[in-house]
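Novice: Sequence:
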Amino acid sequence: MISKDYVGIIIPSLDPDDKFLHLLKDLKNSDFNHIFVINDGSNDSYNDYYQKAVSDYGCVLLTHQVNWGKGRALKTAFNHILTEYPEIQSTVTVDSDGQHRIEDIEKCYQTSIENEEALIMGCRDFSKETSDIPFRSRFGNVMTCKVLKLFCGITLSDTQTGLRGISRSLMRKFLTVDGERFEYEMNMILETKEQGIGIVEVPIQTIYIEENETSHFNPLKDSLRIYSLFAKFIFSSVCSFLIDIALFAVFVRILAGVSDHYILFSAYLARAISSLFNYQMNKTQVFKADDGSRSPLVKYIFLCIVQIVVSSFATEWLFQALKIDVTGIKIIVDVLLFFISFQIQRNWVFRKKDNV
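Counted the way this note's numbering counts, the sequence shown spans residues 523 to 878.
Keep in mind that the hints were calculated from the coordinates and are not lab data. Treat the hints with caution; some may be incorrect.
[Unchecked claim] Here are the simulated lysine-lysine pairs, DSBU-like style, with alpha carbons at most 35 Å apart:
#1 Lys845 x Lys715
#2 Lys629 x Lys541
#3 Lys695 x Lys845
#4 Lys547 x Lys671
#5 Lys715 x Lys629
#6 Lys526 x Lys550
#7 Lys668 x Lys754
#8 Lys541 x Lys526
#9 Lys754 x Lys821
#10 Lys541 x Lys754
#11 Lys541 x Lys574
#12 Lys754 x Lys695
#13 Lys695 x Lys668
#14 Lys668 x Lys574
#15 Lys526 x Lys629
#16 Lys629 x Lys574
#17 Lys754 x Lys671
#18 Lys629 x Lys550
#19 Lys541 x Lys668
#20 Lys695 x Lys671
#21 Lys574 x Lys671
#22 Lys695 x Lys629
#23 Lys668 x Lys629
#24 Lys754 x Lys550
#25 Lys715 x Lys671
#26 Lys574 x Lys526
#27 Lys754 x Lys715
#28 Lys715 x Lys668
#29 Lys574 x Lys550
#30 Lys547 x Lys526
#31 Lys715 x Lys574
#32 Lys695 x Lys715
[What the hints assert, rightly or not] Pair by pair, the computed Cβ-Cβ distance ranges are:
#33 Lys845 x Gln807: 37 to 45 Å
#34 Asp548 x Glu639: 46 to 54 Å
#35 Phe861 x Leu604: 51 to 59 Å
#36 Asp548 x Phe799: 29 to 37 Å
#37 Glu716 x Leu858: 22 to 30 Å
#38 Gln807 x Gln587: 49 to 57 Å
#39 Leu798 x Glu723: 18 to 26 Å
#40 Met665 x Phe861: 50 to 58 Å
Where is the CB? At the ideal position from N, CA and C, for every residue including glycine.
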């Protein structure tokens with residue numbers, strides 16, 4: 523086992539209680555010598571806790587004069603460690619409310635050392651029906667996991683865990699990730715997808731103390747922040763879809779008296795133009811695969827050809843069969859193709875090679 527002198531424990535803290543000191547005691551008794559506590563703008567009445575953290579447990583105290591948020595607290599610690607502690611090769615982020623057992627912290631630390639190119643996630647099991655898990659925590663986590671898998675192709679059993687193992691090299695990468703509060707932890711997960719960083723899950727105990735009442739996570743406000751991150755994954759496609767439908771409606775009116783196959787020609791022209799916009803947006807903004815390679819372009823053109831053929835023939839076939847508004851038919855067809863196309867683009871066209 524690698525010496526614990528090479529690992530740092532990072533604990534963001536806001537208005538702590540006695541569970542905070544119990545955690546520090548357990549960490550010290552387990553020979554973790556580098557413990558970094560971030561006072562994220564706590565009220566002055568909590569100063570005694572932080573003074574004890576330094577005097578009794580030898581913690582390094584980093585202080586924010588105002589509450590900047592958990593994301594900023596983590597980045598403050600990352601920067602301090604990278605600058606002042608060259609010997610530390612890995613870190614474990616731990617919540618200050620006593621919800622992480624020392625044996626689980628040990629597992630994340632060891633796994634991080636063994637998988638330095640991966641983000642280590644200490645994941646709780648939300649699949650079991652148990653009264654120990656508050657409804658808001660179970661519902662929020664399960665829904666976030668499903669949305670993350672649907673839109674990003676990332677499969678996780680726990681997206682909101684604060685117990686994470688992060689190597690020195692990953693700290694450098696995560697320093698530039700957007701987010702100041704709880705949304706930063708979700709941004710960190712999304713960054714693994716964009717940079718081809720692997721994720722390793724470590725099963726941990728599911729502990730909620732006093733129905734999680736001491737948590738500063740606001741399930742409504744902070745979940746909205748988290749879900750807003752997924753907007754960039756659908757914004758490009760929605761804009762392209764609207765451009766495509768508008769151009770299709772225009773071309774149908776222009777070509778209706780010119781050719782018997784005006785629907786096919788209109789679909790081809792509209793899709794060709796909207797695809798130029800869609801490709802550029804997806805490459806540079808959504809999947810961020812702007813590495814100069816021509817491979818995504820070739821794959822995208824092939825996908826577009828297949829999608830145009832399927833869209834146009836399906837639209838014409840349904841129009842001939844149902845005799846209803848052709849634009850409405852095309853909207854339905856393209857909505858279905860949108861979900862299929864997104865999956866193909868994510869997993870094939872703009873797929874990045876994982877490090878793990």
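Novice: Could you run down the list of hints and mark each one as holding or not?
Specialist: Verification of the hints:
| no. | hint | result |
| --- | --- | --- |
| 1 | Lys845 x Lys715 | violated (44 Å) |
| 2 | Lys629 x Lys541 | holds (21 Å) |
| 3 | Lys695 x Lys845 | violated (55 Å) |
| 4 | Lys547 x Lys671 | violated (38 Å) |
| 5 | Lys715 x Lys629 | holds (24 Å) |
| 6 | Lys526 x Lys550 | holds (11 Å) |
| 7 | Lys668 x Lys754 | holds (17 Å) |
| 8 | Lys541 x Lys526 | holds (23 Å) |
| 9 | Lys754 x Lys821 | holds (21 Å) |
| 10 | Lys541 x Lys754 | violated (39 Å) |
| 11 | Lys541 x Lys574 | holds (13 Å) |
| 12 | Lys754 x Lys695 | holds (21 Å) |
| 13 | Lys695 x Lys668 | holds (26 Å) |
| 14 | Lys668 x Lys574 | violated (42 Å) |
| 15 | Lys526 x Lys629 | holds (12 Å) |
| 16 | Lys629 x Lys574 | holds (27 Å) |
| 17 | Lys754 x Lys671 | holds (15 Å) |
| 18 | Lys629 x Lys550 | holds (16 Å) |
| 19 | Lys541 x Lys668 | holds (32 Å) |
| 20 | Lys695 x Lys671 | holds (23 Å) |
| 21 | Lys574 x Lys671 | violated (43 Å) |
| 22 | Lys695 x Lys629 | holds (23 Å) |
| 23 | Lys668 x Lys629 | holds (26 Å) |
| 24 | Lys754 x Lys550 | violated (43 Å) |
| 25 | Lys715 x Lys671 | holds (11 Å) |
| 26 | Lys574 x Lys526 | holds (22 Å) |
| 27 | Lys754 x Lys715 | holds (14 Å) |
| 28 | Lys715 x Lys668 | holds (16 Å) |
| 29 | Lys574 x Lys550 | holds (13 Å) |
| 30 | Lys547 x Lys526 | holds (16 Å) |
| 31 | Lys715 x Lys574 | violated (40 Å) |
| 32 | Lys695 x Lys715 | holds (13 Å) |
| 33 | Lys845 x Gln807: 37 to 45 Å | holds (40 Å) |
| 34 | Asp548 x Glu639: 46 to 54 Å | violated (29 Å) |
| 35 | Phe861 x Leu604: 51 to 59 Å | violated (41 Å) |
| 36 | Asp548 x Phe799: 29 to 37 Å | violated (55 Å) |
| 37 | Glu716 x Leu858: 22 to 30 Å | holds (27 Å) |
| 38 | Gln807 x Gln587: 49 to 57 Å | violated (36 Å) |
| 39 | Leu798 x Glu723: 18 to 26 Å | violated (40 Å) |
| 40 | Met665 x Phe861: 50 to 58 Å | violated (18 Å) |
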